[in-house]
Amino acid sequence: MKTMMTPLASIYTTSVMEHHHFNQTVTILQQDGHNILKTMTSAEYKQALSLIKHCILATDLALFFSNKAELNKILESGNYNIHDEHHRRLTQAILMTGCDLIASAKPWYIQTETVKVIFEEFYEQGDAERMNGRDPIPMMDRNKAHELPQMQVGAHLRNALPALFVAQQNGCIRLL
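Adding 194 to a residue's 1-based position in the sequence shown gives its number in our numbering.
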């Protein structure tokens, strides 16, 4: 999205869709009947929005690998502290990736429909990239749709399983 200079990409410098999702969340929360946070104090509201933003931005898979590496290093050192705000934020980020990729754990008929919707979005982006003279990455290339099962397995081995493995590590498990 960033390389194609879409309108959204011109607004946000990083995590384009995730920033858009957060801003849409805030817009919804500001509508009558939708502000589930309205009874909070100003400080609580600010803290809640900060957590919501952090969790939504954490769904950017590009951030997952550095978050995972940092959390793994902390866990391996034995210095994980559930009360340390940075450690908690890293754990939340990893859990958000796991949650974002959990469709495969749902019943088959739900999972297959979810994948169709997600990949149609990917293919549309790939089509747009191709129209702009760029070669799309394989998962956004509708000409490689026959590779979808292998792509799904690979994505889960690289992303979902490591996210859940890190989350179940000693120390992190107490956050669940």
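Rather than coming from a laboratory, the hints here were simulated on the basis of the structure.
Among the hints, erroneous ones may be present.
[What the hints assert, rightly or not] Per label pair, the in silico range of CB-to-CB distance:
hint: 1; residue 1: Met345; residue 2: Ser260; range: 37 to 43 angstroms
hint: 2; residue 1: Met325; residue 2: Gln286; range: 36 to 42 angstroms
hint: 3; residue 1: Ala349; residue 2: His280; range: 38 to 44 angstroms
hint: 4; residue 1: Leu355; residue 2: Thr306; range: 36 to 42 angstroms
hint: 5; residue 1: Leu342; residue 2: His277; range: 38 to 44 angstroms
hint: 6; residue 1: Ile312; residue 2: Gln362; range: 32 to 38 angstroms
hint: 7; residue 1: Thr308; residue 2: Leu351; range: 36 to 42 angstroms
hint: 8; residue 1: Pro301; residue 2: Met211; range: 36 to 42 angstroms
[Claimed, not checked] Okay, derived cross-link-like pairs now, DSS-like style, lysine-lysine, Cα gap no bigger than 25 angstroms in a straight line:
hint: 9; residue 1: Lys262; residue 2: Lys247
hint: 10; residue 1: Lys310; residue 2: Lys338
hint: 11; residue 1: Lys247; residue 2: Lys232
hint: 12; residue 1: Lys300; residue 2: Lys310
Glycine included, C-beta positions come from ideal geometry on N, C-alpha and C.
Hint check:
no. : hint                                 : result
1   : Met345 to Ser260: 37 to 43 angstroms : violated (23 angstroms)
2   : Met325 to Gln286: 36 to 42 angstroms : holds (38 angstroms)
3   : Ala349 to His280: 38 to 44 angstroms : violated (28 angstroms)
4   : Leu355 to Thr306: 36 to 42 angstroms : violated (20 angstroms)
5   : Leu342 to His277: 38 to 44 angstroms : holds (43 angstroms)
6   : Ile312 to Gln362: 32 to 38 angstroms : violated (25 angstroms)
7   : Thr308 to Leu351: 36 to 42 angstroms : violated (18 angstroms)
8   : Pro301 to Met211: 36 to 42 angstroms : violated (27 angstroms)
9   : Lys262 to Lys247                     : holds (19 angstroms)
10  : Lys310 to Lys338                     : holds (14 angstroms)
11  : Lys247 to Lys232                     : holds (17 angstroms)
12  : Lys300 to Lys310                     : holds (14 angstroms)
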